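*Asks:* Read off the chains here:
Number of protein chains: 2
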Amino acid sequence: MSNKATLLKGTRDFGANQIQKREFIFGHIRKVFQKYGFGPLETPAMESMNTLTGKYGEEGDRLLFKVLNNGDFLAKADQEALNTKDSKKVLPSIVKRGMRYDLTVPFARYVVMNQQTLKFPYKRYQIQPVWRADRPQKGRYQEFYQCDADAIGSKGLIYEAELMQIYDEVFVNLGLNVCIRINNRKILFGIAENAGVQDKFMDMTIILDKLDKIGEEKVRMELGNKGISESSIDIIMQGIAITELDELKDYFKNSETGILGYQEVKQVFDFLLDSPLTNELKFDISLARGLGYYTGCIFEVESKDAKMGSIGGGGRYDDLTGVFGLKNLSGVGISFGAERIYDVMNDLFLFPNDLSGQPSLLILSLDASILSHSFQFVTELRKNGIHCDMYPEAVKMKKQMAYADARQYESVIIIGEEEVNSKLYTVKQLLSGKQEKLSKKEILTKFIDK
Amino acid sequence: MSNKATLLKGTRDFGANQIQKREFIFGHIRKVFQKYGFGPLETPAMESMNTLTGKYGEEGDRLLFKVLNNGDFLAKADQEALNTKDSKKVLPSIVKRGMRYDLTVPFARYVVMNQQTLKFPYKRYQIQPVWRADRPQKGRYQEFYQCDADAIGSKGLIYEAELMQIYDEVFVNLGLNVCIRINNRKILFGIAENAGVQDKFMDMTIILDKLDKIGEEKVRMELGNKGISESSIDIIMQGIAITELDELKDYFKNSETGILGYQEVKQVFDFLLDSPLTNELKFDISLARGLGYYTGCIFEVESKDAKMGSIGGGGRYDDLTGVFGLKNLSGVGISFGAERIYDVMNDLFLFPNDLSGQPSLLILSLDASILSHSFQFVTELRKNGIHCDMYPEAVKMKKQMAYADARQYESVIIIGEEEVNSKLYTVKQLLSGKQEKLSKKEILTKFIDK
Chain A
1 MSNKATLLKG TRDFGANQIQ KREFIFGHIR KVFQKYGFGP LETPAMESMN
51 TLTGKYGEEG DRLLFKVLNN GDFLAKADQE ALNTKDSKKV LPSIVKRGMR
101 YDLTVPFARY VVMNQQTLKF PYKRYQIQPV WRADRPQKGR YQEFYQCDAD
151 AIGSKGLIYE AELMQIYDEV FVNLGLNVCI RINNRKILFG IAENAGVQDK
201 FMDMTIILDK LDKIGEEKVR MELGNKGISE SSIDIIMQGI AITELDELKD
251 YFKNSETGIL GYQEVKQVFD FLLDSPLTNE LKFDISLARG LGYYTGCIFE
301 VESKDAKMGS IGGGGRYDDL TGVFGLKNLS GVGISFGAER IYDVMNDLFL
351 FPNDLSGQPS LLILSLDASI LSHSFQFVTE LRKNGIHCDM YPEAVKMKKQ
401 MAYADARQYE SVIIIGEEEV NSKLYTVKQL LSGKQEKLSK KEILTKFIDK
Chain B
451 MSNKATLLKG TRDFGANQIQ KREFIFGHIR KVFQKYGFGP LETPAMESMN
501 TLTGKYGEEG DRLLFKVLNN GDFLAKADQE ALNTKDSKKV LPSIVKRGMR
551 YDLTVPFARY VVMNQQTLKF PYKRYQIQPV WRADRPQKGR YQEFYQCDAD
601 AIGSKGLIYE AELMQIYDEV FVNLGLNVCI RINNRKILFG IAENAGVQDK
651 FMDMTIILDK LDKIGEEKVR MELGNKGISE SSIDIIMQGI AITELDELKD
701 YFKNSETGIL GYQEVKQVFD FLLDSPLTNE LKFDISLARG LGYYTGCIFE
751 VESKDAKMGS IGGGGRYDDL TGVFGLKNLS GVGISFGAER IYDVMNDLFL
801 FPNDLSGQPS LLILSLDASI LSHSFQFVTE LRKNGIHCDM YPEAVKMKKQ
851 MAYADARQYE SVIIIGEEEV NSKLYTVKQL LSGKQEKLSK KEILTKFIDK
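Heads up: the sequence lines are chains A and B, in that order. Throughout the first sequence, residue numbering follows the working numbering, covering 1 to 450 in sequence. Throughout the second sequence, residue numbering follows the working numbering, covering 451 to 900 in sequence.
Simulated from the structure, these hints should not be mistaken for laboratory data. Remember, it's a predicted structure, so these values are computed and weren't measured experimentally. For every residue, glycine included, the Cβ atom is placed at its ideal position computed from N, Cα and C. Where hints are given, some of them may not hold.
[As the list claims (entries may be wrong)] Covered stretches of chain B, as calculated for chain A (at least 3 residues, CB under 8 Å):
#	stretch
1	496–507
2	767–775
[Unchecked claim] Facing chain A, according to a computed beta carbon distance under 7 Å, are these residues of chain B, among others:
#	residue
3	P490
4	V517
5	R559
6	G589
7	E593
8	T829
9	A856
The whole structure should be built from the sequences, with the hints applied where relevant.
*Replies:* Listed below in structure tokens is the structure:
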């Protein structure tokens, strides 16, 4: 009954080095979130299907991982649907749990459940894996981490400005040059108003979102396909060709919503006037973001040094919690594309070198009778806070050294009878081969700050 | 289409304060693991059903959460089994993924998959949630964290000694008084040999494991039910009444395995002779541990100050990876019962007070025209590494103060026109009501070390 050891497609193990690198990213993000007053939240991996279904569109419903009811799950299944093998119809009767698909819906569910005890505005961050049944391919996984921060319960644009500072500070700390683009859904709505296609606003937004990928010509074609007239398309394309924020004052003289959008973006820039970001913050009227729930400022971040698409994004929404019965709660959030940030940083060699996830020092013993002495030795080093390791058996020194080399320890200390007697220990640097004889006290001093 | 916001039974949300407390525990454990040379590992939430099935006994198979295949999952289902509503028979044709049930099987799977690149001995720790379809009740959840460390690929008893030090150091750091009990499966086998019931060794072990819970009389009865004779039961009970390790030398004069077990435990104590633990390490011949795979030393930890059952346990195994085709790889591991440790620490008020998960300082603005000034102010504080927050709108001061009170900020700074002009800011401690007027420089000094 021996099984082959395999991983499911689209899933990954993370070893020590990868985890150290990932934690390097998450740690930096977490630290900045906390500094800006965002507190952590964790929600369960499984949510009720009622919570999840219908929140991510038809494709989302399809890509949700569903957890089979335990026990005799068919007992309550619809017999007719079983007979006709109608999977869709059988589903609700055999599944009541689904796996977390993003962090936004669980956040909204949490806010609504805890509205009586939470004090608004409530600022939370959340860094957890999500699961999607996407077809696995290079860089796309069925389990991956999301990393979100949201401030909910206030319309104050201070939060937009804060979130821009958070992006800036995190990417400065990670050593990544980025461009943060900002726009506002109300500006896009103003453009739709100017073009007389307010009723097709969401269609327009979704199509404009693809401008970078498919180019202007195809965008015009798709807009036309949605029944938008040639002259309206001209007005839209003129609108999204605007580069200077202040041009909007004139462009929107007949659109109240457009002007409001202009003022919101302007206010964010104004807040940041006296504390400019290190990275570029750029108004980009063509930025649309595909998601339906945004209603105010929207953001997207790209690396300037690697072609990787968006490594962050977010925006303001006015009705995230409405679907759970709590109306009119405005919030704004951003997310970090941690998996892509990892890839960019790997490609650009931005990770520090010492993220091996193991101590740099290994103690070797020449003889079984020495093991106890070696053990006291590492115990003393550890008591002084030194991360170190010892080879657990007195096997041939060649084998112990091969282990030290293979695991890339920086230094080894070899202990034999001579060392025990003389109380002088040979410390060998593996890369250089350099050796020196040191007392225990000298060794403590040497490694204590590592 | 408004849904009621609910959590699935047996699952939990963790807010800021709980996460800080949990991270207090995990952080201490992680730090000690790393100091002792254990590196992190993370495995996916979902594993192939082939990997999971049959590893946890019949009950485990039942309690595994199974993830329904995506798409038209019934298309390939056995029609006859559907017709008869035979859930068990349908299962393999509609489910290929299961959710992580413990950290041991994924660890074994990882070791076997990576045996060519891993250098043995390999020391890993893993802190991740697992899922079990247990009936939810107080203190028992369907999603909970496990926290394991294992050293695999060496029989060296140094590792047993190290793991005892790890238990000791972690519980000292957490402020918990514990008793670590140690025994050895070979000693239990020796007792079975002495009683002439080697063939019923596992039955005996599982029954002895319940001694604490059900008492001696019921243990005798259950042993009898397994067909063990009265005289054999007497020998077993005499054996597990032994309290002094060295008595075993005599007791096992006819059991080679028993003597080996004695020597192993003795060696662990010997290693620790010159570096005694702070907590009690106690030989307990009646310690059995229920799990089938242990073959050498076994451990269990209990709090001395709270009745909570075991808050940690582990042992040595010789064939964890055999089921995936890699034979004879000996290892030893421990786990921390993090959820119970949390409850004990909560009951005993052992968590530090400052784990709120939010900054201690909140900036308030008297007027909308001040917001920009306040924003520059918090920006400067944050640039100096101070965790702080600002109320995002200039609503009535009463409302802002109520927010500060409700969220239990330690101090607020109220900024109005006067403060902007005088450059002296009122810092108010909320608990004491104490106020003082400070310059920005004084404020930086005051909060920078918080």
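*Asks:* If a hint holds in the structure, say so; if it doesn't, say that too.
*Replies:* Now for the hints, and whether the structure bears them out:
1. 496–507: Holds: 6 residues of the stretch 496–507 of chain B have a Cβ under 8 Å from chain A.
2. 767–775: holds (count 4)
3. P490: At 4 Å from the nearest chain A Cβ, B/P490 passes the 7 Å test, so the hint holds.
4. V517: holds (5 Å)
5. R559: The hint holds - B/R559 has a Cβ within 7 Å of chain A, the shortest such distance being about 5 Å.
6. G589: Constraint on B/G589 not satisfied, violated at 16 Å.
7. E593: holds (5 Å)
8. T829: With a closest approach of 4 Å, the B/T829 hint holds.
9. A856: holds (4 Å)
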